[in-house]
Amino acid sequence: MPTRPDPDQSLVLSPAQARSRRARNVAIGLGVGGLVILFYVITIAKLGSHVFSMFDGS
Amino acid sequence: MSLATQQPAFDQPGLVGASLATPSDYIELLKPRVMSLVVFTALCGMMAAPGHLNAITGLISLFAIAVGAGASGALNMVYDADIDAIMTRTRKRPIPDGRVASAEALAFGVVLSIFSVMVLGLASNWVAGALLAGTIFFYAVIYTMWLKRTTPQNIVIGGAAGAFPPMIGYAVATGSVTWASVVLFAIIFIWTPPHFWALALIKSDEYARAGIPMMPNVKGPDRTRTEILIYTLILAPLGCVPWVMGLGGTAYGLVAAVAGTAMLWFAVQVYRVREGEAADKAARHLFGFSILYLLLPFAILLAEHSFGLRF
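As you go down the protein sequences, you meet chains R and Z in turn.
In my numbering, each residue's number is its place in the first sequence (first place is 1) plus 691.
In my numbering, each residue's number is its place in the second sequence (first place is 1) plus 7.
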């Protein structure tokens with residue numbers, strides 16, 4: 692039965708694993724950022740010109 | 008299985024079980040080629056619809072439809088991983104190839120399905136959102152989990168999933184389902200059987216090995232050829248209906264008539280030539296042309312409505 696090593700040791704990734712994890716993290720980051728922009732753009736597109744009418748004082 | 012084999016091998020370089028999947032593996036789960044066809048037909052439906060559509064709303068809606076289609080593709084790959092591993096055409100897909108774990112792909116597909124429907128509903132309207140949700144459900148559950156493995160009519164009924172995108176695009180612009188969008192749906196619906204059965208005639212051995220009850224394996228190649236011809240006989244005039252309804256102009260009518268006649272000619276060749284290499288060649292020609300048949304008239308419809316090239 693294998694002995695359980697130091698927990699830190701068990702989290703060492705191979706270079707290939709580390710590379711692919713980094714790529715996945717970047718993709719998730721871009722995806723979440725893209726979603727924020729997407730919802731912002733949807734909001735502006737939905738409001739359209741009405742967004743300016745709140746400033747016209749009427 | 009012994010306890011020793013269940014334990015992670017900590018002495019190995021790297022963390023055992025850590026994924027090697029890259030973003031491109033996840034993109035492959037979305038079936039990008041199918042997505043591009045979905046985007047194209049949805050765009051046709053969107054542009055052919057009457058009224059003005061905000062460009063940003065239209066682009067976001069297209070994006071949501073593409074992601075929804077991709078999500079249903081990912082869910083399909085999760086459920087079909089066992090048969091994908093058997094067929095040469097599909098064995099290099101991320102799940103059977105071991106690059107993406109099934110559970111991860113399932114989570115990916117479910118999350119994208121929910122987000123795509125939500126974004127489409129918020130960006131355009133909830134009729135389009137509901138149609139997209141229905142399409143994902145139809146493809147992932149009705150077709151993949153039920154029909155595909157149980158009936159030779161699998162791609163006939165399942166073809167509805169691929170036929171919905173122009174209807175969704177039309178609903179994005181109008182907020183409703185009309186006869187015009189039903190006709191666009193019907194064209195793709197009737198086009199699907201001759202398209203897939205032409206491929207099934209060539210790949211019948213592989214489908215048989217995977218245990219998928221495709222028409223040539225269950226009813227035989229002769230019956231398949233007859234049905235291909237029947238569906239194409241319906242398809243050729245049906246393709247001209249948008250012109251009759253005024254949805255397409257003269258250019259559309261001409262292209263649809265010529266493409267329909269050519270498709271019929273290829274279907275007749277498949278019906279006539281039944282033996283040897285020539286039979287495979289005829290089926291391959293029909294399969295190849297069927298893609299062009301769908302692209303050409305829809306591209307003309309798109310050009311007529313987008314650039315005012317209507318005569």
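Calculated from the structure, these hints are not laboratory results.
Since the structure is predicted, the reported quantities are computational estimates derived from the model, not experimental observations.
Note that beta-carbon positions come from the ideal geometry of N, C-alpha and C, so glycine has one too.
Treat the hints with caution; some may be incorrect.
To be verified - Residues on chain R that point at chain Z, a partial pick, calculated with CB under 8 Å:
#1 L704
#2 A707
#3 Q708
#4 S711
#5 A714
#6 R715
#7 G720
#8 G724
#9 I728
#10 V732
#11 I733
Said to hold, decoys possible - Just the calculated beta-carbon pair ranges, DEER-fashion:
#12 E284/Z <-> Y731/R: 41 to 49 Å
#13 A264/Z <-> V717/R: 37 to 45 Å
#14 N61/Z <-> R713/R: 34 to 42 Å
#15 N716/R <-> A264/Z: 49 to 57 Å
#16 I735/R <-> F314/Z: 25 to 33 Å
#17 M152/Z <-> R713/R: 31 to 39 Å
#18 N716/R <-> G182/Z: 38 to 46 Å
#19 F144/Z <-> V727/R: 42 to 50 Å
#20 N716/R <-> P244/Z: 27 to 35 Å
What the hints assert, rightly or not - Footprint (simulated), chain R over chain Z, 3 or more residues, beta carbon under 8 Å:
#21 77-89
#22 159-173
#23 287-297
Original post:
What are the numbers of the hints the structure violates, in ascending order?
Top reply: 7, 8, 9, 12, 13, 19, 20, 21, 22 and 23
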